[in-house]
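Peer 1: Single-letter residue listing:
Protein chains: 2
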Amino acid sequence: VELRRIGTVRSPLTARKGAPRQADESAPPAVVELDAAYADALDGLRPGDAVELLTWLHEADRSVLRTRPRDDPQRPELGVFATRSPDRPNPIGLHTVQVTAVEGPVLRVAALEAIDGTPVLDLKPVLRSAR
Amino acid sequence: VELRRIGTVRSPLTARKGAPRQADESAPPAVVELDAAYADALDGLRPGDAVELLTWLHEADRSVLRTRPRDDPQRPELGVFATRSPDRPNPIGLHTVQVTAVEGPVLRVAALEAIDGTPVLDLKPVLRSAR
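Sequence order for the protein chains is F and U. In case it helps, my numbering puts the first sequence at residues 313 to 443. In case it helps, my numbering puts the second sequence at residues 313 to 443.
Possibly wrong hints are sitting among the right ones.
Intra- or inter-copy, both count: the list cannot distinguish identical chains.
For lysine to aspartate or glutamate, the following EDC-like pairs were computed, each having C-alpha atoms within a straight-line distance of at most 20 Å [claimed, not checked]:
hint : residue 1 : residue 2
1    : 329       : 347
2    : 329       : 355
3    : 436       : 373
4    : 436       : 384
5    : 436       : 364
6    : 436       : 389
7    : 329       : 314
8    : 436       : 371
It is worth saying that the hints were derived from the structure and are not from the lab.
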């Protein structure tokens, strides 16, 4: 199965080390630049919408199956599927973001923990029943 | 970017046509069979946990950029990124599931709208702040 990069995250965050783990940990605003071919596929998204942004965490270590939570090295190891660690067999990032602007193939979002250059894979509206 | 199938959905749903679109639309219980190599990566998941299950929607049409909501053909077309349609450039399925049992590399989940044979890509615990 082959993924297609549909765009790229632009962010002031440039290094995985030091990046917040989740958007609610002081993540900065960011820009989601889609390739021009996908502008049409954004039609219907509006400022204020909540979106699930799927990315490819390109710096991840895909061989990791067990890990220790970064915020508490005293805790026992867990399987990676019981954590949100980026190191996992398929390092797909899942980020709930608030859209602040849509400008052609470019989205602005309020807070995003992904680093600059992260490949973008997909966008889905957040299900109302899941909120 | 190359994805690895880590497992397979086993479900009484066998055809995309007629399958519920979301788990809250009478989706049946299902089994998530991971390859034995990934059993360790489930360590820490327990019955009652809410998990984001990521799948590959293998029957999707990856060329679709605009679509009409299935439940209301009167509505105008939307870009696929403003919908949850499986037809999209990277047809990654995102399913919030409740774990009912963990048996080695096999998870049982309470309700899942994915069809039998759907490849599994990843599992992540639901963020508490997102619920």
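Peer 1: Output the numbers, in ascending order, of every earlier hint that fails for this structure.
Peer 2: Violated hints: 1, 2, 7; rest satisfied.
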